[in-house]
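**Student:** Okay, here's what each chain looks like letter by letter:
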Amino acid sequence: MSFVTQAKTKRLLAVHGWSGTILGLLLYVVIFTGAIVVFADEIGSWSRGVIGHKGEFGTQVDHRFRVAARSVDRNYYEEVSIGRTRTGDFRYSFEGHATDPSSGEEVDALVRLRVDPESGEVLERWEGLESDLPRDSTTALSRFWVDLHEELYLPAPYGFFLVCVLGMMMMFAAVSGVLIHKHVVRDAFVAARNPTRLVGARDLHVLAGTWGIPFAILLALTGAFLGFAFSVGVPIMAMISFDGDRQAMISALLERPEAVDLAPAPLAALDFVIRDAMERTGAAVGSIQISNYDSVGATISVFMGPSPGGFAGQRLEFDGVTRAFEGVQPGFGATHSLSSTLFGIIRPLHFGDFAGLGSKIVWFGMGLAMAYVNASGMLLWCKRREDQALWRGFRHWIMVTVWGLPFAMLVSAVAYFVTVPVADAHFWTPLGFLLGLFLCIVLGLRSENAGHQLRLANTGLCLALPVLRHLTGGTSWSEALISGGAEILVIDILFLGMGLLLLRKSGARSTDAEPPRDATIQEPAE
Amino acid sequence: MSGFLIYASIFASLAALAYLTFTDPKRRRTHGQEVLDHRPYLWPARIALFGPGVLLIGLGHWSGLTIWAVAVTTLGWVIAALSPATYARLVQDIERKRIEAWDWLKAIAQTLIVEPARYVPERLKVWTFDLPRMRKRSPGRIQLAEVEELKARITALEARLYRLENGEEPMTALADEHEDNELTTKQPAKPLDAAE
Amino acid sequence: MSERDQTVASFEQPLPSQRMRGFARQLSAPINHRPRLTRWVLAGPATLLATLAFVAGMTVWWPPGAAGIDQIGMPLILSPVIWVCIFVYALLDENLSRACLVMLALIAGNGVLLAMG
Numbered sequence: 001m002s003f004v005t006q007a008k009t010k011r012l013l014a015v016h017g018w019s020g021t022i023l024g025l026l027l028y029v030v031i032f033t034g035a036i037v038v039f040a041d042e043i044g045s046w047s048r049g050v051i052g053h054k055g056e057f058g059t060q061v062d063h064r065f066r067v068a069a070r071s072v073d074r075n076y077y078e079e080v081s082i083g084r085t086r087t088g089d090f091r092y093s094f095e096g097h098a099t100d101p102s103s104g105e106e107v108d109a110l111v112r113l114r115v116d117p118e119s120g121e122v123l124e125r126w127e128g129l130e131s132d133l134p135r136d137s138t139t140a141l142s143r144f145w146v147d148l149h150e151e152l153y154l155p156a157p158y159g160f161f162l163v164c165v166l167g168m169m170m171m172f173a174a175v176s177g178v179l180i181h182k183h184v185v186r187d188a189f190v191a192a193r194n195p196t197r198l199v200g201a202r203d204l205h206v207l208a209g210t211w212g213i214p215f216a217i218l219l220a221l222t223g224a225f226l227g228f229a230f231s232v233g234v235p236i237m238a239m240i241s242f243d244g245d246r247q248a249m250i251s252a253l254l255e256r257p258e259a260v261d262l263a264p265a266p267l268a269a270l271d272f273v274i275r276d277a278m279e280r281t282g283a284a285v286g287s288i289q290i291s292n293y294d295s296v297g298a299t300i301s302v303f304m305g306p307s308p309g310g311f312a313g314q315r316l317e318f319d320g321v322t323r324a325f326e327g328v329q330p331g332f333g334a335t336h337s338l339s340s341t342l343f344g345i346i347r348p349l350h351f352g353d354f355a356g357l358g359s360k361i362v363w364f365g366m367g368l369a370m371a372y373v374n375a376s377g378m379l380l381w382c383k384r385r386e387d388q389a390l391w392r393g394f395r396h397w398i399m400v401t402v403w404g405l406p407f408a409m410l411v412s413a414v415a416y417f418v419t420v421p422v423a424d425a426h427f428w429t430p431l432g433f434l435l436g437l438f439l440c441i442v443l444g445l446r447s448e449n450a451g452h453q454l455r456l457a458n459t460g461l462c463l464a465l466p467v468l469r470h471l472t473g474g475t476s477w478s479e480a481l482i483s484g485g486a487e488i489l490v491i492d493i494l495f496l497g498m499g500l501l502l503l504r505k506s507g508a509r510s511t512d513a514e515p516p517r518d519a520t521i522q523e524p525a526e
Numbered sequence: 001m002s003g004f005l006i007y008a009s010i011f012a013s014l015a016a017l018a019y020l021t022f023t024d025p026k027r028r029r030t031h032g033q034e035v036l037d038h039r040p041y042l043w044p045a046r047i048a049l050f051g052p053g054v055l056l057i058g059l060g061h062w063s064g065l066t067i068w069a070v071a072v073t074t075l076g077w078v079i080a081a082l083s084p085a086t087y088a089r090l091v092q093d094i095e096r097k098r099i100e101a102w103d104w105l106k107a108i109a110q111t112l113i114v115e116p117a118r119y120v121p122e123r124l125k126v127w128t129f130d131l132p133r134m135r136k137r138s139p140g141r142i143q144l145a146e147v148e149e150l151k152a153r154i155t156a157l158e159a160r161l162y163r164l165e166n167g168e169e170p171m172t173a174l175a176d177e178h179e180d181n182e183l184t185t186k187q188p189a190k191p192l193d194a195a196e
Numbered sequence: 001m002s003e004r005d006q007t008v009a010s011f012e013q014p015l016p017s018q019r020m021r022g023f024a025r026q027l028s029a030p031i032n033h034r035p036r037l038t039r040w041v042l043a044g045p046a047t048l049l050a051t052l053a054f055v056a057g058m059t060v061w062w063p064p065g066a067a068g069i070d071q072i073g074m075p076l077i078l079s080p081v082i083w084v085c086i087f088v089y090a091l092l093d094e095n096l097s098r099a100c101l102v103m104l105a106l107i108a109g110n111g112v113l114l115a116m117g
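Protein chains in written order, with my numbering: chain P, 1 to 526; chain L, 1 to 196; chain D, 1 to 117.
One chain only, chain P, in its complex shape:
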């Protein structure tokens, strides 16, 4: 990059470093929680203690569904969906319109049935307005961690907006990092020389950054888009192209204009449709949606998981009466287009869930590597200015954040497990996190060596969490193994292993006699 002169490098470095200083800690939170919530589904079933359902839909859907549907009023036949819950039960959702008793307006209402897959017995029935849908207390932990990643647990548009700004910053950091370092290819194999010295600290950051560039850009781009598109992008686009009519734009994007014949007609056999869809794609059925159930104009959409080698799932559409195949529908828009294809792959590319556990593990590892790039960059920035007390203080708080975030997350998990049997965990889990943060801040203010102490606390919590989960009525290992809930076992073991690893590391640290802080300060910065 010969066109980047020294003056330009200096300017880029200033923006790279200062944006990192100001927003880096928040970015660390987003990246670290992002790496964790790659496993959001697994964490969900682990924390709930229910055995994960592996997504087989089966081809024995039709009869039980019809029997259950007879108990529901025709008003709710507008949009019917069939899915399976994590516990393996069927969930039928019938949506229609109702008048809101308080405002007198027409609002969405629904009837929801949970049905036993074996006997067809209705286990649970819920009826009401969509806005009153109860929250399942057992999802609190995974939901909170996802919220933390998506919007830093801030109120609706601001959280998305901030995370989107962080994503843009991450993308700029990756691009400017290449421009600043220049010898990206030549230094790709040079391991850090002496990590305790400045040049070594720079090597650590540069090397991790070099290998992470493509996916830092990929994750930041897709993440910024996911955060930005619906909080800022859509309103702006609506303003530009639809004179501010957001609803008009959304319906242009999502809905196919059709005049629907609502004369009653029986629905085609679902089991045949499911078999047909599976044969066409070679993938598993995720869920089924039926528009205008029990009428001539009914359509059946079958949502398939990703087929082997692909990223995104597909939506297959069938005629609701003749069960004729009507083609693969794009995510939005009437027909396939470049943007709907890209929209389709952005989500799986960001979430890493397109090839089961394999891709999730890879994404998790990469996320941790990104978090490392982020933290090492901030530490490097402080090391350059080590002779100033202000930056030494900042370094201290970086360490508090690096170890305090996992600590606060673990405390929130503890709060969840303790409260979920008795209270609303959606309230207590975030409170646990705030308590953890508060403890971190107190510790950071009072102790010189807070990072190390927080690491010890993390060790203890990692080891204690599986035990706590068990004591508060979680699924036992034998139960999990028998009913195929391996993820419960694996996550427990991961926590225990992480705890043991931290234990071993901190043991090694205390015996190796970590060089005291003064020693690093005495060394002149290069």
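Quick caveat, the hints were computed from the structure, so don't treat them as lab data.
Yeah, the Cβ is synthetic: ideal placement off N, Cα and C, and Gly gets one too.
Check each hint, because a few of them may be wrong.
[To be verified] Pulled a few chain P residues facing chain D out of the computed Cβ check, cut under 8 Å: (1) Lys8; (2) Leu12; (3) Leu13; (4) Val15; (5) Val165; (6) Met168; (7) Phe172; (8) Val175; (9) Phe225; (10) Pro330; (11) Gly333; (12) His336; (13) Leu338; (14) Ser339; (15) Leu443.
Knowing the structure of chain P, use the given hints to seat chains L and D on it.
**Tutor:** Below, chains L and D alone, put in the same frame as chain P:
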């Protein structure tokens, strides 16, 4: 099949990356390793590095391509980030572990295979051949264990005597041996002493 | 005034091109006088405005595609990339007046495009 393909691609690329890492001149220079006397085979390594990616593109296996790319860059970072000193220590550790494991295996083989191979035929001989013969010769109870023990002691003593007479064993060793013998005979008393 | 004096005087007069350059220098004086402030404005609000204008302008010229939605979808997808490109440019260009011109052109050009389309 598709899983195997992805694992194989990742493995091939990582092997190439490891080769490129260990032969990288700048890395060797900055870490004070000796300069290689031949130029590294860059192109074969690069082909092995990027080839699997091209293959996956050719097959249209897009999700595999992404997993491959992410895994290779993440693990490639780990390979490049460890310093030669760390590798040297790792190699040493592995060598030590290997030797330990080998010794352990040898010990197991000794007790499970070698010893029984020596012992079982001997026993069989005693049971099938010696014992009936002795029974025939001396009716009544035969303290078989006693006979066996005596035989073993006589063999050991004979061997010892031979060694002493031929100067293969120094006389001083006798005292140690004697003490050992005493200890083994007094063994039942020992736990009692410890309990006190 | 002799002919010779006239010739000398005409040499002392600035050429039209020189006069333009002088005018440009006069205009860019405040820009170059406060380079740091200019850079902040360029990389901050000006970049945001230019990105917004460019994304909005894209809805006019990007082909709608078979589904008729690409002209909305693609600018949305590409907007972070567009922002980064403009931001890096605003940081890197050594010639501040040129950077200002480019930004103005981006904003005005796309504004005109949007108004016409």
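**Student:** Take the hints in turn and mark each one as holding or not.
**Tutor:** Hints, one by one, checked against the model:
no. : hint   : verdict
1   : Lys8   : holds (5 Å)
2   : Leu12  : holds (6 Å)
3   : Leu13  : violated (11 Å)
4   : Val15  : holds (6 Å)
5   : Val165 : violated (10 Å)
6   : Met168 : holds (6 Å)
7   : Phe172 : holds (6 Å)
8   : Val175 : holds (6 Å)
9   : Phe225 : holds (6 Å)
10  : Pro330 : holds (7 Å)
11  : Gly333 : holds (3 Å)
12  : His336 : holds (7 Å)
13  : Leu338 : holds (5 Å)
14  : Ser339 : holds (3 Å)
15  : Leu443 : violated (37 Å)
Violated hints, in rising order: 3, 5, 15; the structure is consistent with all others.
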